[in-house]
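Fit chain B to the known structure of chain A by using the hints.
Protein chains: 2
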Amino acid sequence: MSRIGILGGMGPSATVDFMDKLVQLTPATRDQDHLPVIVASLPHVPDRSSAILGTGADPLPALLANVDLLNHIGVGVVAIPCNSSHHWYPQIAERSRAPVIHIAQCCVAAVAATPRARVAVLATRGALASGFYQSALRERGIAFFVPDSTTGQHDVDACIRAVKAGDVPAGTAALDRALAAIAAAGATAVIMGCTEIPIAARAAAPTPLTLVDSSLELARATVAFALDKGWNRPAWVS
Amino acid sequence: MSRIGILGGMGPSATVDFMDKLVQLTPATRDQDHLPVIVASLPHVPDRSSAILGTGADPLPALLANVDLLNHIGVGVVAIPCNSSHHWYPQIAERSRAPVIHIAQCCVAAVAATPRARVAVLATRGALASGFYQSALRERGIAFFVPDSTTGQHDVDACIRAVKAGDVPAGTAALDRALAAIAAAGATAVIMGCTEIPIAARAAAPTPLTLVDSSLELARATVAFALDKGWNRPAWVS
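If you read the sequences in order, they're chains A and B.
Mind the numbering: the first sequence is residues 12 to 249 in our numbering, read in order.
Mind the numbering: the second sequence is residues 12 to 249 in our numbering, read in order.
Calculated from the structure, these hints are not laboratory results.
A couple of the hints might just be wrong.
What the hints assert, rightly or not - Below, a list of computed lysine to any residue pairs in the SDA-like style, where the Cα atoms sit at most 25 Å apart: (1) A:K240 - A:M12; (2) A:K240 - B:A76; (3) B:K240 - B:P110; (4) B:K240 - A:P57; (5) A:K240 - A:A73; (6) A:K240 - A:D79; (7) B:K240 - B:R108; (8) A:K240 - A:D58; (9) B:K240 - B:Q116; (10) B:K240 - A:G177; (11) B:K240 - B:A120; (12) A:K240 - A:H113; (13) B:K240 - A:L80; (14) A:K240 - A:R108; (15) B:K240 - A:D58; (16) B:K240 - B:A121; (17) B:K240 - B:R41; (18) A:K240 - A:A120; (19) A:K240 - A:P57; (20) B:K240 - B:D79; (21) A:K240 - B:A73; (22) A:K240 - A:L36; (23) A:K240 - B:D58; (24) B:K240 - A:A76; (25) A:K240 - A:S107; (26) A:K240 - B:G177; (27) B:K240 - B:E105; (28) A:K240 - B:L80; (29) A:K240 - A:A109; (30) B:K240 - B:R106; (31) B:K240 - A:A176; (32) B:K240 - A:A73; (33) A:K240 - B:A176; (34) B:K240 - B:G87; (35) A:K240 - A:E105; (36) A:K240 - B:P57.
Excised from the complex, chain A in its bound form (with noise of 0.2 Å):
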């Protein structure tokens, strides 16, 4: 059960970065330093977003055989790089036996530890829809906007379905956009709170905003919770 289990491609650029992420938070000077992990990068989940909204297929059946098959080889934690299937998260962690971590929790927690901000959060219409933000945001007191439905949000959306098609710099175009957008509105931080945008971030125009990466957020808490329970060093290895 020392593994890390990945319930990924959603979308599977997001699933790569987000595993890229765990390679280099990892102390590791050779292989056998790493974290063992099993990815499941299975893309044809249901749109998440349109299922909130109502206008699309629900991908709670995928998502709970996803998390089974997790489950089935044996992982000890759940990591699931993408945000807007957090609406779900009640029903995946009471079916998963491993502990899944919820990515806004710890991207929220990140933000507490930067005072009197003023945060924006980005990400999909469905995502927003949820609430799940908001309310983690609330519980900690801190206080929050998100785009304005028209033009703000429909630069996000623009980034997220750019990088989703494999279309980075008209990702990057759209998100330079919308920080522009959110920063002019008086924000000081940014929630990247769809594992896309920090995809469409890394080539971002310079900008006063403080960045918070849900994908590296997830990415650190995963990391931590395996180390502190040894799987980079099974007693086999020598």
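Same frame as chain A, but now just chain B:
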């Protein structure tokens, strides 16, 4: 069974690089156009090169256990983004219900498309001692040489070791030295026959050599196999 299985973690960065190539090579405009992949990134397999050279533990039991795990989940093809592991290709392919794509065969087929190349093979000392690249090249009548075992191979070893330790710039510097020596020795093409080398090559100095990337060639063959089977479009996806 309509899933790609990756026997990975050898090393973990090379597995991430390979997954990234699978994603990039798949024609897709949305998550659901991508290929389903199960990755066993299990880095505690003993060092392959040392074992071939008689100075380290036998990795075969771990390799077989990990390919069993992929078959147990139900994958339809197995890719191993680690060249040195292919010393045990006969045993792994014999054990696996799913076909196993041979990285060196893919890579040498790509070299064969470059007529009159004079090829140098960069790989671990173990992979070179095993000789599977040399056999594949001889079968196709392709002239080749390997770096001399002191100065030239020393830089190849340093490159691989640095990437495995997470120090890509040091890996690139060592690779630049190796490529300069190989070009001076009369090569026109280089097989990057270790999956850490392409990571170091991303920032390599300009070179007249044609760089043939074993990881990319394996990814091309894997994506072609899966697209041919229609795994990107399962019947139940709208």
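These are the hints, each one checked on the structure:
1. A:K240 - A:M12: holds (11 Å)
2. A:K240 - B:A76: Status holds; Cα separation ~22 Å.
3. B:K240 - B:P110: holds (13 Å)
4. B:K240 - A:P57: holds (21 Å)
5. A:K240 - A:A73: The given pair, whose Cα atoms are some 29 Å apart, is violated under the 25 Å limit.
6. A:K240 - A:D79: Given pair K240 of chain A, D79 of chain A holds - Cα atoms ~22 Å apart, limit 25 Å.
7. B:K240 - B:R108: holds (17 Å)
8. A:K240 - A:D58: Given that 25 Å is the threshold and the Cα spacing comes to 34 Å, the pair is violated.
9. B:K240 - B:Q116: Holds - the C-alpha atoms of Q116 of chain B and K240 of chain B are around 21 Å apart, at most 25 Å.
10. B:K240 - A:G177: holds (22 Å)
11. B:K240 - B:A120: holds (22 Å)
12. A:K240 - A:H113: holds (18 Å)
13. B:K240 - A:L80: With Cα atoms ~22 Å apart, K240 of chain B and L80 of chain A stay inside 25 Å; holds.
14. A:K240 - A:R108: The hint holds at about 17 Å.
15. B:K240 - A:D58: holds (23 Å)
16. B:K240 - B:A121: holds (22 Å)
17. B:K240 - B:R41: Given that 25 Å is the threshold and the Cα spacing comes to 19 Å, the pair holds.
18. A:K240 - A:A120: Since the Cα atoms of K240 of chain A and A120 of chain A sit roughly 22 Å apart, the hinted pair holds (cutoff 25 Å).
19. A:K240 - A:P57: Distance of about 34 Å is beyond 25 Å: violated.
20. B:K240 - B:D79: holds (22 Å)
21. A:K240 - B:A73: holds (21 Å)
22. A:K240 - A:L36: Holds, because 16 Å separates the two Cα atoms, which is no more than 25 Å.
23. A:K240 - B:D58: holds (23 Å)
24. B:K240 - A:A76: holds (22 Å)
25. A:K240 - A:S107: The hint holds at about 19 Å.
26. A:K240 - B:G177: The given pair, whose Cα atoms are some 22 Å apart, holds under the 25 Å limit.
27. B:K240 - B:E105: OK: K240 of chain B and E105 of chain B at ~22 Å, within 25 Å.
28. A:K240 - B:L80: holds (22 Å)
29. A:K240 - A:A109: Since the Cα atoms of K240 of chain A and A109 of chain A sit roughly 13 Å apart, the hinted pair holds (cutoff 25 Å).
30. B:K240 - B:R106: Holds - the C-alpha atoms of R106 of chain B and K240 of chain B are around 22 Å apart, at most 25 Å.
31. B:K240 - A:A176: With a Cα-Cα distance of about 22 Å, the restraint between K240 of chain B and A176 of chain A holds, given a limit of 25 Å.
32. B:K240 - A:A73: holds (21 Å)
33. A:K240 - B:A176: Status holds; Cα separation ~22 Å.
34. B:K240 - B:G87: Roughly 10 Å separates the two Cα atoms, so the pair holds.
35. A:K240 - A:E105: holds (22 Å)
36. A:K240 - B:P57: holds (21 Å)
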